[in-house]
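> Respectively, the protein sequence lines represent chains A and B.
For the first sequence, the numbering used here gives the first residue as 3, with consecutive numbering after it.
For the second sequence, the numbering used here gives the first residue as 22, with consecutive numbering after it.
It is possible that some hints are incorrect.
Quick look at which bits of chain B chain A covers, simulated, 3 or more residues with Cβ under 8 Å [as the list claims (entries may be wrong)]: (1) 42 to 51; (2) 97 to 110.
So the derived list for chain A, only partly shown, Cβ under 10 Å to chain B, looks like this [claimed, not checked]: (3) L30; (4) S33; (5) G40; (6) R49; (7) S113; (8) R114; (9) R116; (10) A118; (11) N121; (12) L123; (13) N124; (14) D126.
The set of hints was computed from the structure by calculation and includes no laboratory data.
Cβ atoms here follow ideal geometry from the backbone N, Cα and C, with glycine treated the same way.
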Amino acid sequence: MTPEKIEKKEELAAAPLPPKLRRRDLLLAFSTLPVFGGFVAAWLKKRKFDERKRQALLKELGLSAEAPAILPEGTLKRSSQTIRLGIIGVGGRGEHLLRCAGFVHPRWIESRRREAKLNRLNRDLEIFLSQKDTNCVLTAVCDVFDPRAERALEASRHVLRNGQVVEEKGAKRFRHYQDLLNSSEVDAVIIATPDHWHAAMALDAVAAKKHVYLEKCMTRTAEEAVKLYEAVKSSQIIFQLGHQQRQQESHLRGRQIVERKLLGKITLVETTTNRNSPDGAWQYEIPEEASPENIDWEQFLGPAPRRPFDVYRFFRWRCWFDYGTGLSGDLLSHEYDAVNQILELGIPKYAVASGGIYFFKDGRDVPDVFHATFEYPDRELTLIYSATLASDRYRGRIFMGHDAWMEVGETLTVTADPESTRYKEMYLEEIIEPSLPLFSFRPGAKGIDAVTSASERYFATRGLLYSYRAGKRVDISHLHVLEWLDCIRDGRQPSCNIDRGFEEAITCHMATESYLRGRRVEWNPEERKII
Amino acid sequence: MVKSKGIASWQWAALVLLRVVIGWHFLYEGMAKLFNPYWSSASYLLEAKWLFSGFFTTIVSNQQLLKIVDYLNIGGLIAIGLGLIAGFLVTPACIAGILLLLLYYVANPAIVGFKSSMPAEGSYLIINKNLVELAALVVLCFFPTGRIAGLDRLLFGPLKSKVSKEE
């Protein structure tokens, strides 16, 4: 060590405490403390400024700062009556709905456990196990593909009861859906088959006095929708259509915002679909074991035109108009229902649609790029739907009002329009900052959960997968099934009843008809016909 | 060339100023997070793509752990801020600040090949503002400014330096 360093070290070494603290030491010791005064003053000033702005804004908007305590009434009650469920169609969606009702295949639990180990953000299993006991038994299963029926039978024997999966007696398999509907062991039925079967099965279920949970799109054609509407209306059954986003907290909040007229006059609503994966374009995996031996092809075809066995048409039925309506019935139906939930639009007067098969040249006859415009002259509003299955570029669901625009998905954001009449003063008084949203709502903002696949991310951003109740992530399909079951017990109407279903079906079919006819179509409410 | 025989009072004053402004920044970062009901370190931690990214993901995946980390972070920022402004336990405060900033840097380094979707208000290559603040704390670590102006003067006594002799 050099002498200089030693000297410096000595200099910096602690000097013994002086016997008496000199005034100068005290002054220097406390010399930086006045900075706290400055800090607190500046901080309080900023807080006061921010708080005043916030309060003025919330007062103007008529909102409270707290997250909304919105829970469908049914989910708050204890379910007393055990409901005997049947299910027709147990593909991917059907199996998901079974889990939503509490029936799980052990292999699904294993796979989720494995995935949770690989990706610690995967909480599928945890979310499933925290589901409420639905107090149901699954007594009947019907599927025309044997392995799926077997899988559903296995699931019927593993039931979620108060956070634990317990073994129970399980269901009986029915080869034909009519036999399932005629069974005295079934009170209510979930129908998750391809669309071309929806109307016939639901009509038969109504005739058999079974309550119905029907997947979207409600029917494949407008004529079927009229028939089903009349049948359900003149029956006592409880009907729920599978638009689970009816349970989405941000959508319920969006409705409140529109009811309070915070957006001003809404003249345009733009909603979209953007996906860019084979799975997102319905090129689902074909199970290796699939063959004419284990698929009841004739029963699958049902009301559809006769064709030789085709495994692609069976598993990827959404690609053909014989069994569905493509984007219209699959994703426009969700988008429309979300808008209908918030605005109560009903059936449009006119619809124009266009599109084409521009990317997925796999023999399909439904478009993979599709757009529809719906006119509501009475509401002085246009609804636009624009979809592509070949680009993942996110476009939101936006409600455009004169005073503000609102984007609603899993989250909700309201942004004031700089040219707004209502918020003009607030802009001038700088209560509203042009660069920031007027209001945003993020359910479960404190936690982040993983969304694994591209298609899953699509559904999550559109608010079709999860919501939050009391800060906990829940599968909204579970809430939707639960609402239906509670309504059956209490004799109430669920949120997506036959009236909403009829509006959904007719709107989607207007778009499909316009695309197929190559011209604008009109809804005739007197004759209940698309012309 | 200036010989480093001693540190002049204006040099100490500059160092104290540096300490106080860094303290102010830490304190406000902590307070702003404390009073923001929506703040969580989750999104920042999830951005991590470099060292410890697995560990950061573990934190985010566990709600209780995330809560603890959030409170540790907020508490740490406030305590370091208070210490630096008041000149109280300056060296431990500097070391804690360095560790915290190092974690922030590791979670979102400005290194070529690591892209972060966090909005940045400037352009950085390897060195970002976290690293600059960290380096400033390293400097402060070696100059016990708390014993010049700060409560450390009462705790450990004043520095017997040339400054006091000159005066």
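> Hints broken by the structure, by number, lowest first?
Per hint list: 7, 8, 9 and 14 violated.
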